[in-house]
Amino acid sequence: MEMKRIKLILINILVFLILGELALRLFGFTSLYPYKVYSSPQNCLLPSTETGFLLNPGVYRVTINENLKYTATHEDHGWCRGRTTGMITADSLILFTGCSFTYGMGVDDSLTYPNRLQSLLPKYKIINAATPAHGTLQTLGMLDKLEAAQIKPRLLIYPYIDTHEERNILTRSFTCLLGRESRVNNEQKVDLAKKSLFPCGKLDEEGQLSIYHSHLKTKNLFTSLRRYSALANQFEYVYSRLFSKKKKARKVTEAAILEIKRRCEANNIPFLIAILKENKACPMQAFCTQHQISFADLTIDYSDEKLLNLPYDGHPNGLAHGIYAEKLMEKLGQIMD
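In this text, residue positions in the sequence shown follow this note's numbering: the first is 1, and each later residue adds one.
By construction, these hints were calculated from the structure, which means they are not laboratory data.
Just so you know, even glycine gets a beta-carbon here, dropped at the ideal spot from N, CA and C.
Simulated DEER-style distance windows between Cβ atoms:
id, residue 1, residue 2, range
1, 120, 79, 23 to 31 Å
2, 144, 6, 55 to 63 Å
3, 323, 19, 39 to 47 Å
4, 282, 204, 21 to 29 Å
5, 326, 280, 16 to 24 Å
Could you put the whole structure together from the sequences, leaning on the hints where they help?
This is the structure we're talking about:
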């Protein structure tokens, strides 16, 4: 009798999983789309024990998901590395930090919005130090490099997207995605996963921010199942949201931004947050207004497929970068002399 009850329970669970999978598929949910990046020459990204990933200087022909191809030129500025914005020798520096949105995944050098702005602002030297997979904490770490090199930018721009919050606490979804699903040449995948140390923030009981570094977590059952199951994929998203709430991802991000603001003010560095994408339920614009942080609203309609590198990649395309540049130029015209 007990064995029959166990079998009945297992059958019910199996039926529930099958129906759940079918229902999600019916409503348009999918499994995790594999994301593969290859570059020629290899190793366009290097592991870093400070920032997670580091740009490798050189000119690369990059292919995303075997179809989307673009050229990326990485420069070594000594105290930082960045994607090219053109041959400008002006001394007055505008420094961009940020992630793949600002770096320009999927678009050629000339189409990134920092590159477009360089041609519009010839009196300034623009450095695009954005790097794929970076978040708010890497911008905070950039201030250490500026101080060590005794460099004071005319303007520090941190381009914010809402997914930086999960990166700032290293959610399982984020770390597994980078560790197993994202591939930058098969030979380099293991090195990136094993050698990279990403900054992770946490708050103490008094709300003070502390930062430690952690490896990517690459072994997880749901990471593998997400590639085949919409149900497992959505479960992981829900888990990550709950984990982010428990670890106070938003508060960690806000604390990091306030520390960036404090250090910029202490060193007389103008600071601007360029909001590329925000959570409508918890808008970054409201936080910036509350704490008197200068910001520019660069948000676009991310449901418009004409603005993305679809179907091979979900990052903003050249058209979107043009909109970013236009909106940011309008803001810079108000605050720059």
